[in-house]
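**Q** Read off the chains here:
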Amino acid sequence: MRYFPFLLLLLFFTSCEKEPASPVDTTPYVLELPPHFPYPDIPEDNELTEARVALGKMLFFEPALSVDSSITCGSCHKQSLAFADDLSISPGVRGRLGFRNSPTLVNLAYLTKVNKDGGVPKLDIQALVPIEDHAEMNLPILHAAERLNADPEYVDAFQRAYGEPANPFTITRALGAFQRTLISANSTYDQYLMGEVSLNAAAERGRQLFFSDATNCSNCHGGFNFTENGFFNNGLYETYEDWGRRRVTGLPEDDGVFRVPTLRNIALTAPYMHDGSLPDLQAVLEHYNTGGTTHPNKDHRIRPLGLSTEQLADLEAFLHTLTDASFLTDQRFKP
Amino acid sequence: MTKFKFSTLALLAVFALAFSACDNDDETPEIQEGTVNMMFEYTVDGAAFDTAQVYDINGTSVRFTLANFYVGGIELMPEEGDAIPVEGNYLLVTPEAGMQEVTTVPAGHYHMVNFFVGVDPAINSQSEDDFTSRDADDPLAIQFPAMHWNWNSGYRFLRVDGEVDTDGDGVMDDTMAFHLGTDNMLQNVSLVAHKDVETGSNMLHMEFDLAKLFEGVDLSTDYVTHTMNNPELAAAVRDNIPAAISMMH
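Top line first, the protein sequences correspond to chains Z and E.
Residue 119 in the working numbering sits at position 119 of the first sequence; the count goes up by one each step and never skips.
Residues are numbered in the working numbering as their position in the second sequence, beginning at 1, plus a constant of 1000.
Keep in mind that a hint or two might mislead.
What the hints assert, rightly or not - Computed Cβ-Cβ distance ranges for the label pairs, DEER-style:
(1) E/1144 - Z/68: 17 to 27 Å
(2) E/1101 - Z/42: 34 to 44 Å
(3) E/1053 - Z/291: 30 to 40 Å
Because the hints were derived from the structure by calculation, they are not lab data.
Note that this is a predicted model, so its numbers are computed, not measured.
Using N, Cα and C, we set each Cβ at its ideal position, and we do this for glycine too.
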C-alpha cells in the first residue's frame, strides 16, 4: 500500500507518453548495375535506403503534391515511355502548358546539373521545380509538407526514412532517392556489349556510323549513358523563344544552349528537342543531316553530314537498340 | 568535536587558498556590451507603407502586396579599429518584421554600418547547403511567400509584388513583380550611423522608401522583371537600393 503513490505516479507518466516513433530504417538500397556502368555518386546526406526509395516512390505517384490533387509526377513521366511523355508539352494543373518537353528520367543519378538549362545544381532539390511551378503542380513546398504531415501513413514513412517529418528537405530527398533508382542498363545494346546478343545488320551499320567521325554523334552523346552531360546549341532555330541556358546565366553565348540528353530509350520518348517540336526520330536525324540553322552559338560539330537515306535508316535502327524493354515493366518502379 | 571542527576548517582554508591563488590579481574591467538590432521602416515617398493604399509613383498608381528583401554581410564600423563583421547572420526584411537582433558588440560609438541587400554567392549557389537543408527558423530556409527560385536555384534577393494601373484609368489592370536575384544583383549599402551603442538593447532604425526604389522607372510600362528576362530593369532597381535605404536614428 505504501507504494501506491509511486504506482499512481508511474501510471500518470506512462499514460502521457506518446506512441513511440518508428525507428529509422537504414536498410541500404543497392543499385544493380552492369559492369560498364559506374556506381553513381550518392550524396552523404541522402544515402540510398529501402525506406527512402519507397517513400520517394509514394511521393512520385502522390496527387496531393499538386495544388488541386489532379496530377502526379507520374502524369508527365510515364514508365511505359521511359518516364517521359508523348506530348510536345505536357499539361500541368488546370491544363496549363509550360514551355519544355517532359524529359526521360532514366539514369538521372549520373546528372551533375539538372534540367535542360542546368539551372538546378543537384538532383536532390530538383523536385522543387515541378512541385512549385505555376504551369506544373503549382504547390508551395511548405504547403506540400503540411498536407503530408496530416497523413499518418506519410508521418510514419518519413519517420522511417529520415527520422523527421515531411519538410522541404525530406520531400525533395525522397524523390531524389527514388529517381536515382531509375537505372536503365539492359537495352539490346547493353546485351550486345556483354556478348549476349548480336545486332542485326542495319543496327550494326548504324552503330559504326554513330561512333564514327563521319557523324560525330558520339562526341556529344558518348559514354555509357549516351551523353557527356554537356550544354550546346544544336542549331534548331535562328531565334530561340526559349533562351535555354541563357535563361540561367544571362550570357548571350548561352542563347539556345541546352543540355545534351541521354539517348537511352530514345525511340520511346518522341516528340524530340527541348520543346518537343520534332515529331519522330526521322525528323531528328534529318535535322542533324542538314546541319541545322546558322545560329551564331551553334556548336561546330553540327554540320551537314550528307548521309544517304539508307544510312539514316541504319542510324535509326541503332537508336532502337537503346530501348530497354525490361525497364519499362520493372515492378520496382510501379506505383 | 573541537578537533573535528578544527580539521574541517583547516581543510576549507587550504581549498580557499588554492582557489584564490588561481585568481588573476589584475582585475580586468568587465567589457560593456550592447545588443544591436535593426529595423526597417517602410515608406512610400514619406508616407507610411500600407498594402491597402494606392500610391502615385512617378505618375503611375501602384498598390504593393509584398516587399521583402534579404540583408547580409552586416558590419559595424567603430570610431577606431577594424570593422566588426556579423558572421553569417542574414535578415529577411519584411514590412511586418519589425526589430530584428543582429549582434552584440562592445559599447561605444559606431560611425558606419555596412551591409548588402542579397545573399552572398557561395550560399546563393545552393551547391552545398541549400534552402531545403536549413532549419525552419533560418531566414535563408524556404519561405512562404517564396524568396527562392527553384528553376534557377538561388534566392530572390529582393521581391516586390503588387498591382499597377498601366493606363491611368483608375483601375489596377496588371500585376507588378520585381524579383531581383543572381550574384550580380547583390547591392552594397553603406550608411553613416553615428550610433552610440550602450549596454542593453540598441536599435539601428532605417527607412526603406519604395518611391526611391523605383526612381526613374516608368511603372506604367516597366513593371515586371524576374531578373533574367529583363536584366536592365532589375539593374535599375538594384542601383536604386542604396538611395532607398537611409538611417533614421
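**Q** Under the constraints set out in the numbered hints, which ones does this structure not fulfil?
**A** Violated: hint 3 alone.
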